[in-house]
Every structure is written in structure tokens, then in C-alpha cells.
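Visitor: Take a look at the letters that make up each chain.
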Amino acid sequence: DAGVIQSPRHEVTEMGQEVTLRCKPISGHNSLFWYRQTMMRGLELLIYFNNNVPIDDSGMPEDRFSAKMPNASFSTLKIQPSEPRDSAVYFCASSLVPGGPTGELFFGEGSRLTVL
Amino acid sequence: AQKITQTQPGMFVQEKEAVTLDCTYDTSDPSYGLFWYKQPSSGEMIFLIYQGSYDQQNATEGRYSLNFQKARKSANLVISASQLGDSAMYFCAMRELTGAGSYQLTFGKGTKLSVIP
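If you read the protein sequences in the order shown, they are chains A and B. Residues 488 to 603, numbered by this note's numbering, are exactly what the first sequence covers, in order. Residues -9 to 107, numbered by this note's numbering, are exactly what the second sequence covers, in order.
Worth flagging that the hints you see were computed from the coordinates, not collected in a lab. Among the clues, some could well be false.
To be verified - EDC-like, lysine to aspartate or glutamate: derived pairs with alpha carbons at most 20 Å apart: (1) K99/B x E531/A; (2) K(-7)/B x E531/A; (3) K555/A x D543/A; (4) K99/B x E596/A; (5) K(-7)/B x D544/A; (6) K60/B x D45/B; (7) K(-7)/B x E596/A; (8) K102/B x E531/A; (9) K511/A x E34/B; (10) K565/A x D544/A.
Nothing here was measured: the structure is a model prediction, and the numbers come from that model.
With the hints as extra help, turn the sequences into a complete structure.
Guide: Structure below.
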């Protein structure tokens, strides 16, 4: 089984540019999560979807960030315009709710974003 | 208030010894789950072990065990017989149900474990 697939793995861009991060969850999973990881703030939940519907986006830093899930197999996180403080590793994770005994999240390998 | 607290930014352990990584949590939800994830230097997040709030017994998975003390709201991870490959960041996380019938997972700041040969 393929795991959660994220692209790009690495992105270097200049301040002001638009950045789009992509995620393909595990087939059959109905919940998708976007996390941001930095040294200072650790792992922060940005937004999550249940059955393609955004449930809680209170973690999205500001209006420059937006996320979509047009179907069960694809999600995007967009930053426009990007700023140096957005530099971080962005993780996508998926799970099945209600799931098995644990309902753990399965993480992608992350997208490392550097904004110059 | 932080929902998940990991008080040890870094820990050292001698190879083959056991080590305990601390985690305390805060929730008013009677139904919750506690997780531990490992993040090696390569960056991926690896699920290790899970404890449900109603589980009577402490969870175990191979060399990993979870010391669940519900009254104290603690869920410490115990790694027995440490190996060099255990050197990594370890994150404690809590799952809580949301009003929308879904749930969210909140992570602690992590503990960096270094295993000394």
C-alpha cells in the first residue's frame, strides 16, 4: 500500500512568491491533516478535513494560507505571498475516522519549505 | 494551557539500558487517545504506540511500553534495551473528539533522545 504522498519534498522560493504544497492521502482514509513543524513552535496543526470538508482551520496562521480538498484523494496547501517566517517542514497526514483500535495518523515524508 | 507537556527537551541513555520519556496531558474529554511518535533525523514521523483512555492495561509494543497513570494524567513512554537506532525525537500526542464527529491530534514539543554506545 502506498503511504501518504507529499510533493514537493523540498522547495526553495523567494519572498512574495506563491507556494503550493500537495498531498495524496492513503486510499480509503477520510480525514486529512496539515501540520507545520518548526524548531521554535514544534508541530502545529494548521487545518484538517473530514470527508473533504474543512472542520477546523483555526491553526492557519493568516489569510496568506489557504487549503483545499477538492476530492478524497488530493489536497493542497497554498501560501500566497510567502514570507521567510513561513520556512518550515509541512506535513500532511491522513487517518480513518472512525477507524481501528488506534486511529493513528499516517504521515507523509513532509515538504521542506525555505523562503529566502 | 498546553494540552501536552513534555518536560525533557533532551535525554541521554546508555545503549542496552532502559529509558523513560515523560508526557503529561490535559483534557476534560472522558474519551481520548494518547500516542507516541518517533522522528529520526531523516524527518519522517513513525507511529510507535497507542493508549486509549478506557484501556485498563498499559499498552506494549515490542520494546516500547506506555506507563499510563490516568489520575495523574501522565503517559510516559518506556523504551527497554535501548539501541543506537533509537536516537531520535519522540513526540507525545493526544487525540480528542471534536463536536463535528471528527478528531484532532495535538502534539507535545518533543524529547530528543540520544543513545550512547
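Visitor: All hints, please: hold or fail.
Guide: To see whether the hints hold, each was checked on the structure:
no. : hint             : result
1   : K99/B x E531/A   : holds (10 Å)
2   : K(-7)/B x E531/A : holds (12 Å)
3   : K555/A x D543/A  : holds (12 Å)
4   : K99/B x E596/A   : holds (19 Å)
5   : K(-7)/B x D544/A : holds (18 Å)
6   : K60/B x D45/B    : holds (10 Å)
7   : K(-7)/B x E596/A : violated (25 Å)
8   : K102/B x E531/A  : holds (18 Å)
9   : K511/A x E34/B   : holds (16 Å)
10  : K565/A x D544/A  : holds (13 Å)
Violation of the numbered hints given earlier is confined to hint 7; every other hint is satisfied by the structure.
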